[in-house]
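Engineer: Now for the letters of each chain:
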Amino acid sequence: MDLVQFAAGKTLSSSAVFLLVTVLLLAAAQRVSTSIKLFALQSAIITAQVMATAYTEKSAEAWVVAAMVFGLKVIAIPSTLLWLVERLKTRRAVEPTISGAKAVFVAVFMIFLSYAAVQPYALESHIAADALSSAVALILVGAFLMVNRRKALMQIIGLLVLENGIFLAALATTFGMPLVIEIGIFFDLLMGILIMGIFAFRIRDTFDHLDVTKLRRLRG
Amino acid sequence: MILLLPLLIPLVGAAVLLGFGTGGRARVLALVIGAAEIFAVIRVVLAVYFEQPLQFGRFLRADALSAFFLLNLALVSGLALVYSFDYLQHIEGNRFSSPRWFYTLVFFFVFTMVGVCLSANLGLLWIMMEATTLASALLVGFYNTRGAVEAGWKYLIVCTVGIAFALFGTIVLYLAAIRSGLSPDAALDWMALMESVPRLGGEISLLKLAFVFVIVGYGTKVGFVPMHSWLPDAHAEAPSPISALLSAVLLNCAMYTLLRYDAIVARAIGASFSHTLLLGFGVASLVTAGLLIIVQRDLKRLLAYSSIEHMGIVAIGVGLGGTLGLYGALLHTFNHSLGKSLLFFAAGNVRQNFGTSRMDRIGGLARSSPQAAMALSLGTVAIVGLPPFALFVSEFAILSEAFAQSQILVAALFLATLSIVFGGMFHHLSGMLFREEQSAASTRLEWSEALPIAITVLGLAWLGVHIPAGLQGLIERAIAVL
Numbered sequence: 020m021d022l023v024q025f026a027a028g029k030t031l032s033s034s035a036v037f038l039l040v041t042v043l044l045l046a047a048a049q050r051v052s053t054s055i056k057l058f059a060l061q062s063a064i065i066t067a068q069v070m071a072t073a074y075t076e077k078s079a080e081a082w083v084v085a086a087m088v089f090g091l092k093v094i095a096i097p098s099t100l101l102w103l104v105e106r107l108k109t110r111r112a113v114e115p116t117i118s119g120a121k122a123v124f125v126a127v128f129m130i131f132l133s134y135a136a137v138q139p140y141a142l143e144s145h146i147a148a149d150a151l152s153s154a155v156a157l158i159l160v161g162a163f164l165m166v167n168r169r170k171a172l173m174q175i176i177g178l179l180v181l182e183n184g185i186f187l188a189a190l191a192t193t194f195g196m197p198l199v200i201e202i203g204i205f206f207d208l209l210m211g212i213l214i215m216g217i218f219a220f221r222i223r224d225t226f227d228h229l230d231v232t233k234l235r236r237l238r239g
Numbered sequence: 140m141i142l143l144l145p146l147l148i149p150l151v152g153a154a155v156l157l158g159f160g161t162g163g164r165a166r167v168l169a170l171v172i173g174a175a176e177i178f179a180v181i182r183v184v185l186a187v188y189f190e191q192p193l194q195f196g197r198f199l200r201a202d203a204l205s206a207f208f209l210l211n212l213a214l215v216s217g218l219a220l221v222y223s224f225d226y227l228q229h230i231e232g233n234r235f236s237s238p239r240w241f242y243t244l245v246f247f248f249v250f251t252m253v254g255v256c257l258s259a260n261l262g263l264l265w266i267m268m269e270a271t272t273l274a275s276a277l278l279v280g281f282y283n284t285r286g287a288v289e290a291g292w293k294y295l296i297v298c299t300v301g302i303a304f305a306l307f308g309t310i311v312l313y314l315a316a317i318r319s320g321l322s323p324d325a326a327l328d329w330m331a332l333m334e335s336v337p338r339l340g341g342e343i344s345l346l347k348l349a350f351v352f353v354i355v356g357y358g359t360k361v362g363f364v365p366m367h368s369w370l371p372d373a374h375a376e377a378p379s380p381i382s383a384l385l386s387a388v389l390l391n392c393a394m395y396t397l398l399r400y401d402a403i404v405a406r407a408i409g410a411s412f413s414h415t416l417l418l419g420f421g422v423a424s425l426v427t428a429g430l431l432i433i434v435q436r437d438l439k440r441l442l443a444y445s446s447i448e449h450m451g452i453v454a455i456g457v458g459l460g461g462t463l464g465l466y467g468a469l470l471h472t473f474n475h476s477l478g479k480s481l482l483f484f485a486a487g488n489v490r491q492n493f494g495t496s497r498m499d500r501i502g503g504l505a506r507s508s509p510q511a512a513m514a515l516s517l518g519t520v521a522i523v524g525l526p527p528f529a530l531f532v533s534e535f536a537i538l539s540e541a542f543a544q545s546q547i548l549v550a551a552l553f554l555a556t557l558s559i560v561f562g563g564m565f566h567h568l569s570g571m572l573f574r575e576e577q578s579a580a581s582t583r584l585e586w587s588e589a590l591p592i593a594i595t596v597l598g599l600a601w602l603g604v605h606i607p608a609g610l611q612g613l614i615e616r617a618i619a620v621l
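Listed in order, the protein sequences are those of chains A and B.
Mapping of the first sequence onto our numbering: position 55 corresponds to residue 74, and the numbering continues sequentially without gaps.
Mapping of the second sequence onto our numbering: position 174 corresponds to residue 313, and the numbering continues sequentially without gaps.
Quick caveat, the hints were computed from the structure, so don't treat them as lab data.
Computed from a predicted model, the values in this text were never measured in an experiment.
C-beta atoms are modelled at their ideal positions from N, C-alpha and C, and glycine is treated no differently.
Do not rely on the hints blindly, as some may be mistaken.
[What the hints assert, rightly or not] Footprint (simulated), chain B over chain A, 3 or more residues, beta carbon under 8 angstroms:
{"no.": "1", "segment": "71-78"}
{"no.": "2", "segment": "158-165"}
{"no.": "3", "segment": "176-188"}
{"no.": "4", "segment": "205-216"}
{"no.": "5", "segment": "221-227"}
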């Protein structure tokens, strides 16, 4: 049993590093499908983190949450998005507004920023600083992906990364919200992806492209 | 049990409509379900008013504040349903764009907003607020034109990101509550939080952080400047009954959530922090939207900016605080929802008759369709805050609170903006009424459209002259809750 305890401890302490790697890769990713797979990988790391927390805190609720994260964010949502990419038959490239190399620099800057921002709170309240800073980094980079990428699908992925960050923040600070609330949030997330998918089809059908920067009829 | 009905009826109703709402049946079915829903909501309001707050399980609760917003919800959604009866006739019925889907989504939308008002738990409140966005996004994109799809996408993305920030704020508040010793189940319960306010007072920095995220997050849904970018698009592109629901119920529901958070934070760490933020956002929204009203070219966008302006006024009332400020703010949400529904109903009729809502293509209304012109003018007179209509009373209350606290700058900006809005609105109105270039393709105003318009006009005039004792009592009890 000591081995499992050891593994759980290692997962908690090292997952922040893996998450930051996925963030940097996301900033550099050139294809929509790559970004989706990176999101799935990121969610898998978070699943491991939830499982480690469930083990160390001996919380049955957290095991349910881990199962939901795995089913929803590692399997259901990524496969739905990959199916959408197939069906929409758009060009594969993500078409960023600033190039991949610069985007990685922006992401690195945001990681620094999140460490700097979290430090005072973490010192004061005995929270794992690494986990919380990676959560804030995910939130910032998710928002950055949303404004940097032109594709409607990439905006969805940015939103999902942002949501992962918020989930991680709750996990790092309070071991997650009560189970009923978590289930409700997951349900909203699933419905949100469904409706965004419907809109992705509509944007393609009415505009013949998925480039949201060209959606600028409504102004003023 | 009495609390469960207003949530179950629209859900079951939406399922029934989806299953059996084909052909012409959806419109009649919707009126029946709507009547049942309004009856159920009014029953909750009366029970709270005459007895005491209701509780159902751990997650549902209704007190006087919820009852006040539920009354508003029941009234406006009833009017919007009646108005939709003939308004929907011209819709052909594509996928997702048939009367059947329209009413299914409307009842789901109503379900989520009732859920917002009845949530006892701040987590459930967040879930319901996010669900309002999801339920109404397809309604905003209902016409499936380029503009509608764009507005729907923008609405979905901007509000979901905004609401995500509110979730972060909620988590921070949860953390503060856990650290001050509440159990995980009680740490998101509004009543439990209000009762343990003295203990929460130790977590000043966390509470401030939480409130900043919450006001940015839910403020996006209220339409505060600078997070308002979704609002004019969504209001302009949605079908008119939906614009009325968005403006008159959804924005109020978002304001209601801010009131709940404001109450906790203001009691725990003193009112100055949260009230200053609200005052700042309120003044920014009022002034910016007031100036933008002058340059609008589209009738429904004009009305949308006016909604931002009025939400700014409400935020100023809450931010000033005091009995008169809060009283004015609550009364103003009610009055504004009557006035704005009236205007959106009238604008919907104009848009149907002219085939556009661009104001430079609308002219000669006074001659060609006098009823619509009358409705539009009465609505404009009411919304700019002229007596004898009700908005004058609530704006006057907020203004006198500002003077009483000698917030001269706020009062001056308030008065200046109101006069600019006054000029701008009447300039646009007179153009549409008297310019003699265009005439409408048809000038029909069906009874189902005229009836809600008449009810709102009467309501505005009545509340302007005399506020009934029941409503007065409800508002006073709602203030006592805070």
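Engineer: Against each hint, give a clear statement of whether it holds in the structure.
Structural biologist: Status of each hint after checking the structure:
1. 71-78: violated (count 0)
2. 158-165: It holds, with 3 qualifying residues against the three required.
3. 176-188: holds (count 5)
4. 205-216: holds (count 6)
5. 221-227: holds (count 4)
Checked against the numbered hints above, the structure breaks only hint 1 and satisfies the rest.
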